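As given, the protein sequences belong to chains A and B, one line each in that order.
Oh and the first sequence: position 50 is 50 in this note's numbering, straight run, nothing missing.
Here this note's numbering runs 1000 ahead of the position in the second sequence, where the first position is 1.
Just so you know, the hints here were simulated from the structure itself, not pulled from any lab data.
One or more of the hints may lead you astray.
Unchecked claim - Estimated spans, in silico, between C-beta atoms of each pair:
#1 Thr1044(B) with Glu16(A): 41 to 49 Å
#2 Asp1021(B) with Gly105(A): 19 to 27 Å
#3 Val1096(B) with Glu16(A): 30 to 38 Å
Said to hold, decoys possible - Below, in silico cross-link-like pairs of lysine to any residue (SDA-like), each with a Cα-Cα straight-line distance of 25 Å or less:
#4 Lys57(A) with Glu1114(B)
#5 Lys99(A) with Thr1106(B)
#6 Lys99(A) with Gly1085(B)
#7 Lys99(A) with Pro1054(B)
#8 Lys57(A) with Thr1106(B)
#9 Lys103(A) with Glu1123(B)
#10 Lys99(A) with Leu38(A)
#11 Lys97(A) with Met1084(B)
#12 Lys57(A) with Val1107(B)
#13 Lys97(A) with Arg1113(B)
#14 Lys103(A) with Val1107(B)
#15 Lys99(A) with Glu1120(B)
#16 Lys99(A) with Asp1129(B)
#17 Lys103(A) with Arg154(A)
#18 Lys99(A) with Ala1041(B)
#19 Lys1143(B) with Val1107(B)
#20 Lys99(A) with Thr1075(B)
#21 Lys97(A) with Glu1123(B)
#22 Lys103(A) with Arg1110(B)
#23 Lys103(A) with Thr1044(B)
#24 Lys57(A) with Arg1144(B)
What you are looking at is a predicted structure, and each value in this text was computed from that prediction instead of being measured.
Heads up, the beta-carbon is just placed ideally off N, CA and C, and yes, glycines get one too.
Below, each chain spelled out in residue letters.
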Amino acid sequence: MLSFCTVSGPVPRLLEDFAVGDEYESPGRTVTEADIVLFAGLSGDYNVLHTDAEHMKASIFGERIAHGLLGLTVQQGLLGRGVPGYDGLRLESMRWKFKAPIKIGDTIRVRARISGTRASDVPGSGVVVIARQVLNQRDEVVQEGETEHLVGRRG
Amino acid sequence: MSARTDVPAASRNEHRAFFEDLALHQPLETPAMTLTDAHVALFTGVGGPPAPEPGAVPDLLPLCISSGLGWRVPTPPLVVLAFMGFEWRFHSGLRVGDTIRSRSTTVVKRSMREGGIVIEEREIVNQRDEVVQSGRLTLLVAKRAA
């Protein structure tokens, strides 16, 4: 494991600071019942999948599952937490797949790899592409996708 | 995920929309929500990244809010069995105090043995009617019990 955070502190990271192939694996975070309840309240998404334990006993999951967007939110936080100076990166676009449920008590982490960098049409800026996998405690991929971020560039 | 959640009898009588009920190309607009510091604090509390700067709204928060706004339209809520994926573009940043709502249209319906795949186009607009985020979401939706 290596980090793409050799530059840290208040200096914004520029296109030239990202090397394709650099990988980072975040710390883990256990997704709790409280997280799901809070996320339902925050988002207003009270789908029975996330909020009705009795209904879900009869489902193939057997229990409530986390909102997909909660898992997405948690991995975004984990990536920012693990890489100093990275949390300021704004999202430009993304493609994302929810592959398996996250259940209460599951511990997820994110594995990220710089999969591409390119100069943007906008002078002085570039795009960094990050391929991400969200893994649970059994190393199963529960979510994966690619995010694109607009950054400044020197050249 | 190809998961099918069985719909128990008690839920069948509820006012809900199934795959068969969904019409293509019918735009639906949600009520609006003003984004506050409280939203940002809760978002960070469940593990999201902190706001990039004071007063800014984290990029993923509007998408999360739009998922709940979709439950507040005058049509019955869709029986979504699984959120399978999405493609999304972030056109411009939002600030605390901005008011968002979402507009969506079903553009694809594909019937499967268990349920059906639905692709929805969604735009999040601000109080000036500017599209701030947009994309396509893929959902697995329940069919009516035979």
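Tested hints:
1. Thr1044(B) with Glu16(A): 41 to 49 Å: 30 Å Cβ-Cβ, so the 41 to 49 Å window is violated.
2. Asp1021(B) with Gly105(A): 19 to 27 Å: violated, 35 Å
3. Val1096(B) with Glu16(A): 30 to 38 Å: holds, 33 Å
4. Lys57(A) with Glu1114(B): holds, 19 Å
5. Lys99(A) with Thr1106(B): holds, 22 Å
6. Lys99(A) with Gly1085(B): holds, 8 Å
7. Lys99(A) with Pro1054(B): violated, 34 Å
8. Lys57(A) with Thr1106(B): violated, 30 Å
9. Lys103(A) with Glu1123(B): violated, 29 Å
10. Lys99(A) with Leu38(A): holds, 23 Å
11. Lys97(A) with Met1084(B): Holds - the C-alpha atoms of Met1084(B) and Lys97(A) are around 6 Å apart, at most 25 Å.
12. Lys57(A) with Val1107(B): Not OK: Lys57(A) and Val1107(B) at ~33 Å, beyond 25 Å, violated.
13. Lys97(A) with Arg1113(B): holds, 21 Å
14. Lys103(A) with Val1107(B): The hint is violated at about 31 Å.
15. Lys99(A) with Glu1120(B): OK: Lys99(A) and Glu1120(B) at ~19 Å, within 25 Å.
16. Lys99(A) with Asp1129(B): violated, 34 Å
17. Lys103(A) with Arg154(A): The hint is violated at about 44 Å.
18. Lys99(A) with Ala1041(B): violated, 28 Å
19. Lys1143(B) with Val1107(B): holds, 18 Å
20. Lys99(A) with Thr1075(B): Distance ~29 Å between Lys99(A) and Thr1075(B) Cα, so the pair is violated.
21. Lys97(A) with Glu1123(B): holds, 19 Å
22. Lys103(A) with Arg1110(B): violated, 28 Å
23. Lys103(A) with Thr1044(B): holds, 20 Å
24. Lys57(A) with Arg1144(B): holds, 20 Å
Comparing the model with each numbered hint stated earlier shows that hints 1, 2, 7, 8, 9, 12, 14, 16, 17, 18, 20 and 22 do not hold.
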